[in-house]
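In this text, residue positions in the sequence shown follow numbering that gives the first Met the number 0: the first is 0, and each later residue adds one.
These are computed hints drawn from the structure, not numbers from a lab.
A portion of the hints provided could be inaccurate.
Unchecked claim - Derived lysine to aspartate or glutamate pairs resembling EDC-like cross-links, with alpha carbons at most 20 Å apart:
no., residue 1, residue 2
1, Lys-842, Glu-674
2, Lys-755, Glu-722
3, Lys-647, Asp-583
4, Lys-786, Glu-754
5, Lys-288, Glu-117
6, Lys-1091, Asp-1001
7, Lys-65, Glu-117
8, Lys-718, Glu-754
9, Lys-1075, Glu-1088
10, Lys-134, Asp-158
11, Lys-769, Asp-723
12, Lys-724, Asp-756
13, Lys-113, Glu-367
14, Lys-660, Glu-688
15, Lys-755, Asp-713
16, Lys-524, Asp-1140
17, Lys-288, Glu-69
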Amino acid sequence: MKEKQRKPPRKSVKDTIKGLFSRGKGVTDGSPRIIHINNKELNNQQKFMSNSVSTAKYNLFTFLPKFLYEEFSKSANVFFLFISGIQQIPNISPTSKYTTLGPLVIVLLITAVKEIIEDFGVHKSDRELNSRKCKIYDGSQFVDKPWRDLQVGDICRIDNSQFFPADLILLSSSEPEGLCYIETSNLDGEVNLKIKQALPETAIHTSPAQLSTMEGVIKSEQPNNRLYNYDGTLTTANHGLGSRDYPLDPSMLLLRGAQLRNTSWIYGLVVFTGHETKLMLNSSKKPTKASNVTRITNRNIMYLFAMLVAMSILCSVGSYAISKKDGDARDYMMIPDAELGKEFGLNILTFMILFNSFIPISLMVTMEIVKYIQAIMIDNDLDIYYEKTDTPAVARSSSLIEELGQVEYVFSDKTGTLTCNEMEFRQCSIGGLSYATLPDPDKRPTSDNDPNGQYSFQQLETHLDTSPDQYVINEFLTSLMTCHTVIPEMDQELGKVIYQASSPDEAALVNGASDVFGYQFTARKPHSITCLRKGVEEEYQILNVCEFNSTRKRMSVVLRGPDGRVKLYCKGADTVILERLSKDNPFVEPTLAHLENYACEGLRTLCFAMRDISDDEYKHWAAIYEKASTTLVDRAQELDNAAELIEKDMFLLGATAIEDKLQDGVPDTIHTLHEANIKVWVLTGDRQETAINIGYSCKLLTEEMDLIICDEEDHMSTKAFLEDKLAHVLTLSEHMEHDPFALIIEGKALTYALEKDLEKTFYDLATRCKAVVCCRVSPLQKALVVKVVKKFSKSILLAIGDGANDVSMIQAAHVGIGISGVEGLQAARSADFAISQFRFLKKLLLVHGAWAYQRLSKMIFFYFYKNVAMYLTQFWYAIFNGFSGQTLYESWTMSCFNVFFTFLPPMAIGIFDQFASARLLDKYPQMYILGQKNEFFNQKRFWGWIVNAVYHSALLYFLGMAAFVDDSVFTTGFSGGQWWVGTTIFSATLATILWKAALITDIWTKYTFIAIPGSMVIWFIFLPLVAYVGPLLPWEIFQEYYGIVPLLLGNVNFWLFFIVVPLACVLRDYIWKYIKRMYRPQSYHYIQEIQKYNFPDYRPRMDRFRRAVNKVRKIQRLKQSRGFAFAQNETDQSRIIRMYDTTQQKPSG
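Use the sequences and the hints to build the structure in full.
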């Protein structure tokens, strides 16, 4: 029975164009997706989406409209476009038609080039990803093709450690019954391996020849973003018997972004490709981000625009009044009274064009150049370069660089960001004695049996032969070797056994027993395991496996040893093991003391116990267990009840401690961020116990913190819990000093907390806590948490992560940082900045961020100041020239003001200025709070600079007019004239602006000397050059400067005015700076003095005392609720291990 295929409807032109500008999200109607197995033609007819993926901001078609929309959302650019427009109207502009349009086009071109360069990097990494190779079945064999050529319906072969290129249905694998292991840390942050299994009907096809015989149709659900759901049906043609349907569920779906682990190969059929994969549907399009400083700058430009309009109207009113008053005397202008109203309106436009440089067009270009150079400085900083993987830091979006100096919240992923995702067997407690890979020198044992000492693993070997408790040691090591669900596999190349474990903890324990102690697990058969104990081969019969689950918090194996005796080995959380021990247990107290020490060091702990079982007891219990395993009603509970009957009266052997290895410098970085008033939230897909444990080991959670744990199961109880806790926190905050709070919330409770009626309560509670840990969260929840904080807070938010599951969170935050340098980590491609280690965040924020924010703030205000100071002199002059629109300065000199004479000082300030050195910013993280409070870039400072500019311009102009009021400046009787006075005032104004630049510069480098005094040198080279060369040019320019140089530079009045007036202007600023520094100092003033005089740091060292207090608090906490972290998968392991016979040859595929 063949499926009748409908021809897809033709797309309209409108749909085609829409498709170019947006990424399709797949069909969302109720009809299933029909995929034909081994029938390329029928699949191609449906025109499924290609597997090529693009995370870039622009493409060839969208660049121009998107870029122009973004640029003209900036107030300054709209203003200059408006001025350019009115300049085209005849007889209105006192300047050329293109004096504004030309610079605007240049500004847009420079910005466009920068955007193209930054987006090209994203396109390049997309191309690399799309060009990765995978093996695709062509009907007879597997052929290497790039990922982008993969199509829905293709069958592909994925080898061990490779990433899945699309969403696949598992058909078969190298493992028994179509099993495979996958790691999804890139999708959900979980490090435990997940087990997937193919349909028995497809699992038999384990070679290319067998694949060619496969026929059938898959009816699949349409693409959606639900990571954990999938519904489909496989319909196979049964020759002569009609067709048969088989259900497909999430246990057969392999998602793009996940990685094949501990499995030689798999065959998979592609169901979703490219932007229709569940991973890509969970990540939003790269948004357009603008920094806080840019937003405020746009607002300030609007204020300047309002001032400009006011000035233009005032001048126009003045012109109108004079025309009315002196109309008879001005009849040569031939403006009849009836047209004065029209002239009034046109005059407003004329003055707007005359004063348009009041708003600096070059500011935007200078900002872009400065940010770009700051980004290059980050890229080339060796302190944040990771030599091990040869990965430098990368600033992908230089436009957000100053945001790094104002961050108040950091949202971090755990796996791969804070931790290395590597488990190491560090310590163990056996028979009341503690052993470690590297014993603490302060805990040297005083005898061969000192429970307070710490022995080495080498001494454990000796104790195994000589200790009176050697039987306990042997049983402990045997339990490590046998009590697990690990699958061993011989690696022919390396010649050693590789362990496949669904939990990294289990792998670490089995590896530890094998490598360190010589208790090696070598082979697994359906009903037995083979081990090498100190070189002697032994076989153990596996009778029963009582599995781990979150309520039991333990697992047990019942086995018959080589001596024929039946034994039970059990491992689990100490709370559940201790309840099930017999009365006679000599090692409980010392083991508990060791557990407390291990947990204090942030290690993950497990207890091990055992008991001997008589044959009669086992026969009786096995019958109960068998009955429970075959019941159809509440089977899981019945099996738990059966396990309870045998897991009792156990003997405690000891405990293990595994380190979930943190990345270098993580605790120190988090501690420093806390000192800088940055709140750190960890959002992880891991379980609660693990997340809390890591929280303590990385100093996110500290001993004085009061933990608020929310793991409610429904909306009402979550609401009640959050409201109750918020009321409690508010009451405590009002009435007394209290310990800081930390909120730990589970994914399910978080779902309810993020709903409309609860999100404000959740935000209020979470922001009053010093640390927040969200466990078991999906990628979408990570983004929602960020969006909730963004909604209710004005703070700058930063998100940092390494995997594809962090992309939506990174894009939702104001600043996104990706961890780079490890294959398959998609976060770095979507981030604004990429670093290779979490610890580099400290320098990126506290040094580069603080510098960028302070430099740009100072540079922008200086830019506003210099333009207002210069162009207001034109306004004052308009009052004296009858509002005629006449300019005080030569027009080309005015054009060169921003381009040559004052271009370098803002650049030098924006690139090289430092209000404190990197060493002191790192030493005193509290300095970072200045950025959070917007100390350097606020409205008060803006208006301060503007008032200062008005004061300077008025002083310069009116002192100039007073000094040269009678125009007799030459002893020969010559008068100076307009251009002599104008050039003198211009020189003095330039000198004042450069003095101001020198006054606000915190650090003088060689570039500062070139920029500030150098700008004055440029003016004194420019003036003689244009005065002598200009009139010789054919364009009749610089006629105003003809013969001016000797009369200007040879006149004492010019030099007196040039030296005295700028000093008089800047004297007020100097006195104000002195008063502020001496009598109203800010925190950074103290730091600057420490830096200048190199004071030693006399702060008392409290570290040792603090460590001692913390340890006491830690032990108290552990005694209150001792449930040490225990990581283990809740999958049907006992069924899986029965399938394996590792002594048999596997298919090669």
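Against the structure, the hints:
no., hint, in the structure
1, Lys-842 x Glu-674, "holds, 14 Å"
2, Lys-755 x Glu-722, "holds, 15 Å"
3, Lys-647 x Asp-583, "holds, 13 Å"
4, Lys-786 x Glu-754, "holds, 12 Å"
5, Lys-288 x Glu-117, "holds, 14 Å"
6, Lys-1091 x Asp-1001, "holds, 11 Å"
7, Lys-65 x Glu-117, "holds, 15 Å"
8, Lys-718 x Glu-754, "holds, 10 Å"
9, Lys-1075 x Glu-1088, "holds, 14 Å"
10, Lys-134 x Asp-158, "holds, 9 Å"
11, Lys-769 x Asp-723, "holds, 18 Å"
12, Lys-724 x Asp-756, "holds, 16 Å"
13, Lys-113 x Glu-367, "holds, 8 Å"
14, Lys-660 x Glu-688, "holds, 16 Å"
15, Lys-755 x Asp-713, "holds, 15 Å"
16, Lys-524 x Asp-1140, "holds, 4 Å"
17, Lys-288 x Glu-69, "holds, 10 Å"
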